[in-house]
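Undergrad: With the working numbering as the guide, the letters of the sequence shown map in order to residues 767 to 1118.
If you are wondering where the hints come from, they were derived from the structure by calculation, not from laboratory data.
Quick caveat: nothing in here was measured; it's all calculated off a predicted structure.
Among the hints, a few may not be true.
Said to hold, decoys possible - Derived lysine-lysine pairs resembling PhoX-like cross-links, with alpha carbons at most 25 Å apart:
| no. | residue 1 | residue 2 |
| --- | --- | --- |
| 1 | K963 | K976 |
| 2 | K1032 | K1021 |
| 3 | K963 | K1085 |
| 4 | K1115 | K1085 |
| 5 | K882 | K963 |
| 6 | K1111 | K976 |
| 7 | K1085 | K1051 |
| 8 | K1051 | K1111 |
| 9 | K1115 | K963 |
| 10 | K1115 | K976 |
| 11 | K798 | K832 |
| 12 | K1115 | K1032 |
| 13 | K1115 | K1066 |
| 14 | K798 | K1111 |
| 15 | K882 | K832 |
| 16 | K963 | K1032 |
| 17 | K976 | K1028 |
Stated by the list, open to error - Okay, the calculated beta carbon distance ranges per label pair:
| no. | residue 1 | residue 2 | range |
| --- | --- | --- | --- |
| 18 | E831 | D884 | 32 to 40 Å |
| 19 | G1010 | A878 | 31 to 39 Å |
| 20 | S1006 | E1110 | 45 to 53 Å |
| 21 | Q886 | P977 | 30 to 38 Å |
| 22 | D884 | N970 | 47 to 55 Å |
| 23 | E831 | R1035 | 49 to 57 Å |
| 24 | E831 | A1076 | 37 to 45 Å |
| 25 | A937 | S1006 | 21 to 29 Å |
| 26 | L1004 | W1089 | 22 to 30 Å |
| 27 | A1076 | V1050 | 32 to 40 Å |
Every residue, glycine too, gets a C-beta built ideally from N, C-alpha and C.
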Amino acid sequence: MILVTGGAGFIGSNFILDWFTQSDEVIVNLDKLTYAGNLQNLSSLANDSRHIFIQGDIGDIPLIEKLLAQYQPRAIINLAAESHVDRSIHGPEDFIQTNILGTFHLLEATRAYWNKLDPQSKLAFRFLHVSTDEVYGSLSADQPAFTEAHPYEPNSPYSASKASSDHLVHAYHHTYGLPVLTTNCSNNYGPYQFPEKLIPLMINNALAGKPLPIYGDGLQIRDWLYVTDHCSAIRRVLESGTLGETYNIGGWNEKPNIEIVKTICKLLRESHPQSNFEDQITYVKDRPGHDVRYAIDARKIERELNWRPAETFETGIRKTLQWYLDNQSWTTNIQTGAYREWIEKNYSKRTQ
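Using the sequences provided together with the hints, build the complete structure.
TA: Spelled out as structure tokens, the structure:
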């Protein structure tokens, strides 16, 4: 069996659902269930013995030690993280606690567990740490995409906390020999994404007749990765990745934010022909220190592990849009008072 941390979040829940289409190996899912963790994402597994859910924090060493001793996982996939840049600007402490101290505590408990394994199990064990392309900083329009050798230059509290966790993971491999793997992915999108992120926020606001807030000029460029492609890449790295190595995972889909929003507006008109959603686009004050461009060079994982994304942006965004149209009750259920308060806090004071 494997232990997945953060398995009730966006990427984590997609990973678990996708895992069970490929394997019957049991997953122990540890999630703190913060605002972005949602067991409704995994409701299809409610009576499935392959999925064992434990509510808890990766920073709780006694709990981690207990789970490792009880379930004896052959691998840990660390997806637990605070991951929203705007939230890190408003309140960085949660990011320090979870992404840095939480990862440290998880590594410490894992190291103690790994050291006690028999030689064969010790050789087979893996700790896979999932990170982000934001640790590399920002690119200009004409700079080459991030490779795994690009220096770390994080610019937000979020990316700085993830960079710190990456360094800790590498240090535990170099110093203690812990068998680690690291992945750095580009912007994910797809089903079950909490609607504070660009694509689900635009879909939900468009359908609700609300403004579509675009930071600055909307020309910030990101590489977009469909979440199921990310899941397949994680599985591939877990299977065959070289210990101590980092693998960049990207979708080969660089697009400016404004193009993403206009694409969503165009596709929504297919099911709502009487609506001109582009009229709802509103340019607002940019976030502080907004990175201009991220771009992933994913040739290493293709060359070494024979992995490429299956979805283009055109196919992935259609699947994503259809999922949100078919699951509007899911969005309604998570738009609690706390969510509305956050949207008000982040957007109400941004001048047009």
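Undergrad: Now, for every hint given, state plainly whether the structure supports it.
TA: Taking the hints in turn, this is what the structure says about them:
This hinted pair checks out: K963 and K976 have alpha carbons roughly 15 Å apart, not beyond 25 Å. A hinted pair counts as satisfied when its Cα atoms are at most 25 Å apart, and K1032 with K1021 qualifies at roughly 16 Å. Distance hint between K963 and K1085 is fulfilled; the C-alpha atoms sit about 17 Å from each other, no more than 25 Å. Restraint check: the Cα-Cα separation between K1115 and K1085 comes to about 33 Å, which exceeds 25 Å; the hinted pair is violated.
Restraint check for K882 and K963: the C-alpha separation of about 41 Å exceeds 25 Å, so the hint is violated. Taking the CA atoms of K1111 and K976, the gap is about 16 Å. The hint holds against a cut of 25 Å. The hinted pair formed by K1085 and K1051 fails the criterion: a straight-line CA distance of about 31 Å is larger than 25 Å. Between K1051 and K1111 the alpha-carbon distance is near 14 Å, which keeps this suggested pair within the 25 Å criterion.
Pair hint K1115 plus K963 holds up; C-alpha atoms about 18 Å apart against a cutoff of 25 Å. Taken as a hint, the K1115 and K976 pair is honoured in the structure, with Cα atoms around 16 Å apart against an allowance of 25 Å. Using a Cα cut-off of 25 Å, the hinted pair K798 and K832 holds, with the two alpha carbons roughly 16 Å apart. Simply put, K1115 and K1032 have alpha-carbon atoms about 28 Å apart, too far for the 25 Å limit, and the pair is violated.
With a C-alpha separation of about 43 Å, the suggested pairing of K1115 with K1066 is violated against the 25 Å cut-off. Restraint check for K798 and K1111: the C-alpha separation of about 24 Å stays at or below 25 Å, so the hint holds. Only pairs whose Cα atoms come within 25 Å are accepted, and K882 paired with K832 is accepted, the gap being roughly 14 Å. For the suggested pair K963 and K1032, the alpha carbons sit about 19 Å apart, so the restraint of at most 25 Å is met.
For the proposed pair K976 and K1028, the alpha carbon gap of about 15 Å is at most 25 Å, so the pair holds. Between E831 and D884 the beta carbon distance is about 18 Å. The supplied range of 32 to 40 Å is therefore violated. Take G1010 and A878: their Cβ atoms lie about 20 Å apart, and the range 31 to 39 Å is violated. Checking the proposed 45 to 53 Å range against S1006 and E1110 shows it holds: the Cβ atoms sit about 47 Å from each other.
The given range of 30 to 38 Å is broken by Q886 and P977, whose C-beta atoms sit roughly 58 Å from each other. Hint check: D884 to N970, Cβ distance near 50 Å, so the stated range 47 to 55 Å holds. Hint check: E831 to R1035, Cβ distance near 54 Å, so the stated range 49 to 57 Å holds. In this structure, E831 and A1076 meet the distance hint of 37 to 45 Å, their C-beta atoms being roughly 38 Å apart.
At roughly 24 Å, the beta-carbon separation of A937 and S1006 lies within the given 21 to 29 Å, and the hint holds. Look at L1004 against W1089: about 26 Å separates their beta carbons, and that is inside 22 to 30 Å. For A1076 and V1050, the Cβ-Cβ distance of about 35 Å falls inside the hinted range of 32 to 40 Å, so the restraint holds.
Checked against the numbered hints given earlier, the structure breaks hints 4, 5, 7, 12, 13, 18, 19, 21 and satisfies all the rest.
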